[in-house]
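Colleague: Protein chains in written order, with our numbering: chain A, 1 to 399; chain B, 1 to 363.
In case anyone wonders, no lab produced these hints; they're calculated from the structure.
Where is the CB? At the ideal position from N, CA and C, for every residue including glycine.
There's no promise every hint is true.
Rough simulated footprint, nothing fancy, chain A against chain B, three-plus residues with beta-carbon under 8 Å [said to hold, decoys possible]:
#1 122–130
#2 155–168
#3 232–239
#4 245–259
Okay, the calculated bits of chain A under chain B, using three or more residues with CB under 8 Å as the criterion [said to hold, decoys possible]:
#5 136–145
#6 185–198
#7 352–362
Here are a few chain B residues that sit away from chain A, every Cβ distance over 10 Å (derived from the structure) [unchecked claim]:
#8 E67
#9 L265
#10 M293
#11 G294
#12 P332
#13 V345
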Amino acid sequence: MIKYSVIFHKNIFNWLLVIVLMVLITGCWDYHELDKEAVISVFGYDLISPYHVKVSAYLETTPKANSSSNGNEGGMKKPEIIRADGPTIYEAIKNMSVYTPNELTFHHHVISILSEKFVSSPHFGDGLDRITRVGATRRRGLFAVTSGQSSDVLEIKLPLTDDLSEGLLNLMEAAKEQQYSTQVDLNDFLYDLTLIGKEPIIPRILITQSKSTSFQKRIKVYGSGAFRGTRFVGWLSGNETRGVLWLRGKSGHPILRFPWEGGEIMVQAESIQTKIALSQTSRASKEQIPFLIKMKWQGKIVMYTGHRSLKVQDIPSIEQGVENSMRPVIQQSIRRAQALHTDVIGFGNTFYSSQPSVYRQKYLSQWNDRYFPQIQYIVQIKAKILNIGMTSHAPEERD
Amino acid sequence: MISVKQLNYLTVIVIFSTGILYLPSIAISQAGNGGWISPFMSMSVGMIVLFIVFFFYHRFAPKTLTEYLPLLVGKWGAKILGLLYVFFFWTVGLKVIREITGIVRITLLPNTPLIVICFMIALTVIYGVYCGIEALARLVELLALILPAMIIALMAGLMGFIHWDAFLPLMEFGWQGVIRGAFMPSSWFGEVIVLAYLLPIVTMNKSSLPRFLLSLVVTAFLLSSLVILIIGVLGVSEAARIQLTVYELMRYVQFGAFLQHIDALFLLPWLMFMFLKALLFFHVTVIGFSQSMGLVHSQFTIIPFVLLSMVFSHWIFPDEFTLNQFLKIIWPNYALFFELVIPIVLLLLYWTRRHKIQSMSLT
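Next up, chain A with everything else stripped away, as it sits in the complex (with noise of 0.2 Å):
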């Protein structure tokens, strides 16, 4: 009888034959050729009818290392813009493959613009479950939206770089440190969508023309777009953004101005905490919740326009300043989200942590239209000056 264990050894070299050649056989089903896919980096998404959805692709694509594209040899191809439309996204998307000849892959996919009339219909719902149920698209993936035609977007051309995307990216980035607009990921969107007692924001991209850019088309992201579930309901200013983004506890570093002292100061935030809960001690129906609001905000100052010598005992007043100027920019975007009958900043969140049980059983199901819009609060903002910056006072001219 001959041993199993000499069979195996014997065709040892035979065996790691196969398993090299059935990894070989796999690449056959499964390979990319760089030269033949087409980047989506961005998208946009646009209603043309209740029943017909527009979609915008902005694709890259990777000549061949050898073949020349626009006198460069190898690199990244001119961008190109294709469009397509179908009933619903998964079929536009379908359609859109009909225009070119890579492959489509967003699996570097940046940014999806959405339009205001997208978002506002159940579209943009549906579309969702295609994005993550495909699963082609990552939760990085951000989002934008904007008043108009997001392919309109799309056909502009940003300063400085050729990459919209990445223009795009850096805009945002910046939009997000001064907090006049933020960036939302496909991840974060979806968390504020389920969590109980919030709802989502998106950031907005404004198209701008003036006579200062020769009537050339600008893109700024400045603002948000709040969103009760998966539907668009209106409009934040950037302060209103801010103020939203503050009470949400989101970092950044703000710049704020106020008047002082025979001139204007600006300072800027190097951190703000927010901690949102039920108030006990209000006297406040069932009807109106009273919340507290404490805030603890930090920065520096980075500018004075006044000619007078900044001292130890001038502080407390400066901080003063800064509380002072923030409440009404906070009092203004919880007004504006009640009127928009969106818990885009989430009291209804602190209220189901604190309760859970009465809040699922009493306030669940109408707190946006019922109880949100009605809600008591108190702001108590503690600001700390932790630095005056390099110099005491401004530059003087000698009499």
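For this one, chain A is given, so just place chain B on it according to the hints.
Modeller: Here is chain B on its own, set in the frame of chain A:
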């Protein structure tokens, strides 16, 4: 012979590798944001099984489960029960192979025919099982450190994206939810029953049991950390909805703007851990079968067992949905019957007939 340390590593990998596949979504769907406690509850089942395995080991060493079954249930009972255990271990191996195939298909090779992926996996498993338990143990020792490194890298890449408000209110579905979420995952912890075949080949000492208990605690801790990350990053509703939550988490990891799309780096060790689990269970299947049937050369059964599992895995689970449903509904009851119910019955049998059994084992 293999060392206790190697077997400890193997215990962690056996539970963890497939535990992270479905445990997070099951625990979170049942327990909400208290899902991170469920792995610790499931761990208690593993501890009970471990105590029983060690109890029998101390009485019948160096016999394996199949070898000491005749003392407890008689010759024919042992034959039947031994073969049932072989069947159970084979089904675990089959399930793991099907899970590996599914992950590879979904994540890496979506267009490759299932049979090709399966054939590759089967060849690797056949070779691995042929190499024996010592080779497997050495491989585990090599790969074990990747596991904490993987968790640390995940944490480092995701720490800034955790929504801490997702954990409020604490345990939103209460203790009942936590217990419900722990039921199915307990079947993975119960897989330590496999030690009933492995302890006799380990160089044991007195501190061995606490070390095995510690490996269960470490596994529960690792799984719990992952569930915390999942809840924090994806949120409760999304985590309960997604099929491969851990993979989704891996896809979300990004270090700055320069290190992106690194999910394959996490997938590679994960798949290797699953391979190790499949190898272990096929090894035990082969050993159990040859001991039950009195075979001299157990290697002859490797190819039939692995090839059969390939065929059956696709007959039983033609698609991912069927596998998912099977794992959620049938598997916990089926697995816990072999992992917990039968060992407890055997323990009771031993207790009632201990004097007779002790005299029989002496002779």
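Colleague: In ascending order, which of the hints set out earlier in this document are inconsistent with the structure?
Modeller: none
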